[in-house]
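Respectively, the protein sequence lines represent chains A and B.
Heads up: the first sequence is residues 1 to 572, going by this note's numbering.
Heads up: the second sequence is residues 1 to 195, going by this note's numbering.
Don't read these hints as lab results, they were simulated from the structure.
Accuracy of the hints is not assured; some may be wrong.
With a straight-line Cα cutoff of 20 Å, these simulated PhoX-like cross-link-like pairs (lysine-lysine) come out [claimed, not checked]:
1. B:Lys94 <-> B:Lys53
2. A:Lys398 <-> A:Lys374
3. B:Lys66 <-> A:Lys367
4. A:Lys374 <-> B:Lys120
5. A:Lys451 <-> A:Lys554
6. A:Lys554 <-> A:Lys443
7. A:Lys275 <-> A:Lys260
8. B:Lys64 <-> B:Lys191
9. B:Lys117 <-> A:Lys374
10. B:Lys117 <-> B:Lys66
11. A:Lys374 <-> B:Lys53
12. B:Lys94 <-> B:Lys191
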Amino acid sequence: MVDNRVALRVIVASGILTILLHLLSGISFAENSRQSSIGGLSPVEALKIGERMYREGILASGEPMQALVQGDIPVDSTMFSCVSCHLRSGLGSLEGQVITYPIDGITLYEGITNAWNMRWVTGSKYSKGMTGFLRSAYNDETLAAAIRGGVNPDGKTLKYTMPRYPLGDKDMAILIFYLKNLSVKPSPGVSENSIRYATIVTEGVNRTDSVFMMSILKIMAASNKPTRFSMMALSTIASNPEDSIKTGYLNISVARWELKGSPASWRSQLDDYYKKEPVFAIVGGISNDDWRPIHEFCEENRIPCLLPITELPVISASDWYTLYFSKGFYQEGETAAKYLHGIMNIPQDIPVIQVYRNNRQGLAMAKGFEETWKGLRQQTPDKRVLTSDEPITIERWKQLAASKKQAIILLWLDSKDLSSIDMLADAPDRPKMVFLSSTLLGKEMYVLPQKIRDIIYITFPYRLPVDFAKSEPSFAGLIKNNQYPAEYPITRAKINFNLMILNKALFMMKGHFYRDRLLEVVDMMQDETTMSLYPRLSFGPGQRYLSKGCYIVKLGDGVTPNMTPVSGWVIP
Amino acid sequence: MSVRNMYYLVAIMLNLILCFPTSGARGSDRPEYTRTIHEYAIPDVALFNQDGKKVQLKSFLRPKDKVIILDFIFGTCTTICPVLSANFVNFQNKLGAESGKVQLVSISIDPEHDTPKVLKAYLKRYKAKPGWDFLTGSRENIERVTNAFNAYTSDKMQHYPLTFVYSPVQDRWFRIDGLVATSELLEEYQKALKR
Numbered sequence: 001m002v003d004n005r006v007a008l009r010v011i012v013a014s015g016i017l018t019i020l021l022h023l024l025s026g027i028s029f030a031e032n033s034r035q036s037s038i039g040g041l042s043p044v045e046a047l048k049i050g051e052r053m054y055r056e057g058i059l060a061s062g063e064p065m066q067a068l069v070q071g072d073i074p075v076d077s078t079m080f081s082c083v084s085c086h087l088r089s090g091l092g093s094l095e096g097q098v099i100t101y102p103i104d105g106i107t108l109y110e111g112i113t114n115a116w117n118m119r120w121v122t123g124s125k126y127s128k129g130m131t132g133f134l135r136s137a138y139n140d141e142t143l144a145a146a147i148r149g150g151v152n153p154d155g156k157t158l159k160y161t162m163p164r165y166p167l168g169d170k171d172m173a174i175l176i177f178y179l180k181n182l183s184v185k186p187s188p189g190v191s192e193n194s195i196r197y198a199t200i201v202t203e204g205v206n207r208t209d210s211v212f213m214m215s216i217l218k219i220m221a222a223s224n225k226p227t228r229f230s231m232m233a234l235s236t237i238a239s240n241p242e243d244s245i246k247t248g249y250l251n252i253s254v255a256r257w258e259l260k261g262s263p264a265s266w267r268s269q270l271d272d273y274y275k276k277e278p279v280f281a282i283v284g285g286i287s288n289d290d291w292r293p294i295h296e297f298c299e300e301n302r303i304p305c306l307l308p309i310t311e312l313p314v315i316s317a318s319d320w321y322t323l324y325f326s327k328g329f330y331q332e333g334e335t336a337a338k339y340l341h342g343i344m345n346i347p348q349d350i351p352v353i354q355v356y357r358n359n360r361q362g363l364a365m366a367k368g369f370e371e372t373w374k375g376l377r378q379q380t381p382d383k384r385v386l387t388s389d390e391p392i393t394i395e396r397w398k399q400l401a402a403s404k405k406q407a408i409i410l411l412w413l414d415s416k417d418l419s420s421i422d423m424l425a426d427a428p429d430r431p432k433m434v435f436l437s438s439t440l441l442g443k444e445m446y447v448l449p450q451k452i453r454d455i456i457y458i459t460f461p462y463r464l465p466v467d468f469a470k471s472e473p474s475f476a477g478l479i480k481n482n483q484y485p486a487e488y489p490i491t492r493a494k495i496n497f498n499l500m501i502l503n504k505a506l507f508m509m510k511g512h513f514y515r516d517r518l519l520e521v522v523d524m525m526q527d528e529t530t531m532s533l534y535p536r537l538s539f540g541p542g543q544r545y546l547s548k549g550c551y552i553v554k555l556g557d558g559v560t561p562n563m564t565p566v567s568g569w570v571i572p
Numbered sequence: 001m002s003v004r005n006m007y008y009l010v011a012i013m014l015n016l017i018l019c020f021p022t023s024g025a026r027g028s029d030r031p032e033y034t035r036t037i038h039e040y041a042i043p044d045v046a047l048f049n050q051d052g053k054k055v056q057l058k059s060f061l062r063p064k065d066k067v068i069i070l071d072f073i074f075g076t077c078t079t080i081c082p083v084l085s086a087n088f089v090n091f092q093n094k095l096g097a098e099s100g101k102v103q104l105v106s107i108s109i110d111p112e113h114d115t116p117k118v119l120k121a122y123l124k125r126y127k128a129k130p131g132w133d134f135l136t137g138s139r140e141n142i143e144r145v146t147n148a149f150n151a152y153t154s155d156k157m158q159h160y161p162l163t164f165v166y167s168p169v170q171d172r173w174f175r176i177d178g179l180v181a182t183s184e185l186l187e188e189y190q191k192a193l194k195r
């Protein structure tokens with residue numbers, strides 16, 4: 001919460017904190033100047049060990065934290081730890097009907113009123129009429145009693161969902177020191193009444209798209225008032241006028257970070273931009289190249305990156321800071337494998353060949369397919385890897401068809417490579433199935449030769465055109481014509497959605513502008529099934545790829561062919 | 001704000017007001033839950049377990065000689081599911097050799113994310129023993145199941161703690177609303193063995 005209390009603490013702590021900012025962006029010393037030793041550790045060490053206890057449930061000794069939940073259920077850190085419910089920011093969560101209260105360094109050490117509670121949970125302005133205390137302020141002793149025995153400062157028993165941790169004095173001191181410093185200072189890029197974002201554009205992206213992205217972000221920034229979405233939200237459940245200012249009337253600025261040259265050179269450019277002016281988060285961004293350097297920059301500096309437009313994200317089950325629309329090309333490869341595996345009448349020993357160029361797109365598709373295929377206990381597929389400038393001649397098509405009769409061929413190639421694909425249809429031993437990617441083909445997908453369409457299967461990662469007609473009017477209104485996806489501005493739709501999510505998140509943060517909190521509130525959002533390009537964007541704690549599946553479609557006849565799904569929404 | 005969200009908000013506010021004296025701090029010594037008895041019509045849908053093997057749910061949930069204990073969870077759930085799952089594994093440990101008389105079943109309410117691979121990793125994380133299966137499937141089938149158990153919520157983040165115990169002797173389900181201790185789950189198991 002950006003208020004005077006925080007500002008005071010920040011002033012007290014600012015000297016020591018400078019050293020730690022780059023290591024622990026969400027954490028700062030609030031009142032450590034008098035504490036030279038915490039459980040025998042220096043403040044820096046204590047924060048590090050404390051974070052490990054909080055997030056991973058590992059004690060200073062390296063042993064897992066043990067606890068008792070619901071009165072008689074022993075749990076250890078392999079199952080869950082403090083962060084599971086209270087989240088990284090310590091600002092708590094609301095899951096179904098279970099409320100997990102904040103345990104950040106500010107809230108713990110102040111008394112909580114019933115009115116505060118109501119406002120915290122619901123944001124309701126009607127909380128002002130409520131009276132009474134929910135609990136008194138904790139001090140170090142009462143906090144230790146709560147963690148060990150589940151008793152609050154007023155002697156009341158905490159819910160049994162809160163585990164009881166029998167920590168020794170040293171571990172307790174470390175954990176309390178960590179909590180005392182958790183989310184007490186606004187994140188970099190945030191001041192009393194402003195938030196600074198950046199967006200990223202790399203060389204080679206469509207200029208129209210990048211101009212559109214900047215223009216829409218600038219409108220948001222320059223207006224210096226609630227956007228349409230937050231205005232709507234504020235009019236219904238705003239906490240009070242003060243919160244309205246915090247959520248809606250912030251000065252927002254967006255820097256354009258333009259990255260030039262090859263991805264290998266991006267990191268130093270990013271470091272320079274960040275050093276010059278830290279930002280709270282990266283919003284969107286567009287690149288045709290590998291997003292990895294930006295992903296790693298955000299991960300190391302603990303900067304949220306919301307929904308960049310890339311088909312080449314980093315595939316990770318544990319990284320935290322970048323939220324993607326999907327796994328991009330990799331996901332289309334995954335889907336093809338899962339779909340093929342599910343077809344009942346395909347012989348087990350049928351040859352499968354992947355054909356792709358030795359570039360990032362081809363490699364990502366092929367990797368997605370192969371990893372999934374092997375995970376389904378299938379044999380490693382054959383591959384034909386083309387160099388970046390190797391032409392695909394008619395002879396080459398014939399060789400491909402003749403190499404394995406009645407094969408399944410996955411052509412992870414773009415439209416330029418497929419100009420003579422009809423040679424495959426003419427081959428004596430034509431393939432049984434040919435898989436293509438709609439993302440690589442773009443609008444050229446619709447002009448594939450008629451005579452090969454019967455064996456063509458296409459991965460299609462968006463909502464089907466026919467389903468757009470059933471969409472809510474608000475979304476249908478965004479569609480400019482009936483040529484989706486050939487002409488529909490996919491990039492623009494993604495940018496619009498990104499802005500919607502950002503505004504919603506800003507409101508849900510209720511003034512708690514911490515980087516981890518931004519991602520936490522996004523994680524708590526409900527699945528989106530109507531307002532995006534995708535059939536379903538699925539949120540969830542730690543889930544970093546919102547769209548999880550893909551369709552497999554076939555093309556009909558004629559010059560304006562219909563697109564017909566041959567599968568449901570395939571989840572790899 | 002959508003009508004759905006408004007209903008949700010009102011529900012939360014009512015919940016807060018009604019349980020305010022014990023919200024966040026409670027005076028009782030034991031967790032509380034409610035228990036009701038039902039006959040559920042299980043849909044004949046195919047789901048998949050953590051090994052990717054197909055499970056016909058209707059027959060799977062009606063064994064002649066086993067107690068079924070079932071819940072609805074998801075792999076990245078932060079608050080409710082970890083407690084339910086820790087209880088499942090503690091229950092298995094407490095039963096010891098007798099655990100073969102019980103089939104534990106968790107059904108994912110986040111089928112887009114919870115692939116068999118995720119389910120398998122989840123069970124491993126909780127040190128599940130044989131006899132605890134984690135099922136997933138198409139969203140349509142999952143919703144048929146949650147509707148059948150009167151456990152449907154429009155979004156996974158709105159779910160609430162539920163455990164169902166099937167008595168093969170009585171051919172009925174005990175529905176437990178709320179989070180329970182292992183001792184209480186063992187009591188329900190014993191009741192499920194009696195006529």
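To see whether the hints hold, each was checked on the structure:
1. Using a Cα cut-off of 20 Å, the hinted pair Lys94 of chain B and Lys53 of chain B is violated, with the two alpha carbons roughly 28 Å apart.
2. Using a Cα cut-off of 20 Å, the hinted pair Lys398 of chain A and Lys374 of chain A is violated, with the two alpha carbons roughly 28 Å apart.
3. Distance restraint check for Lys66 of chain B and Lys367 of chain A: the Cα-Cα separation of roughly 44 Å exceeds the 20 Å cut-off, and the hinted pair is therefore not satisfied.
4. Proposed proximity of Lys374 of chain A and Lys120 of chain B is supported: the alpha carbons are some 17 Å apart, at most 20 Å.
5. With a CA separation close to 13 Å, the supplied pair Lys451 of chain A and Lys554 of chain A stays within the 20 Å bound.
6. A distance of roughly 14 Å separates the Cα atoms of Lys554 of chain A and Lys443 of chain A; the hinted pair therefore holds under the 20 Å criterion.
7. Only pairs whose Cα atoms come within 20 Å are accepted, and Lys275 of chain A paired with Lys260 of chain A is accepted, the gap being roughly 18 Å.
8. With a C-alpha separation of about 16 Å, the suggested pairing of Lys64 of chain B with Lys191 of chain B holds against the 20 Å cut-off.
9. Taking the CA atoms of Lys117 of chain B and Lys374 of chain A, the gap is near 13 Å; set against the 20 Å cutoff, the hint holds.
10. At roughly 27 Å between alpha-carbon atoms, Lys117 of chain B and Lys66 of chain B are farther apart than 20 Å, so this suggested pair is violated.
11. A C-alpha spacing of about 17 Å is found between Lys374 of chain A and Lys53 of chain B, which places the hinted pair at or below 20 Å, so the restraint holds.
12. Restraint check for Lys94 of chain B and Lys191 of chain B: satisfied, since their Cα atoms lie roughly 16 Å apart, inside the 20 Å limit.
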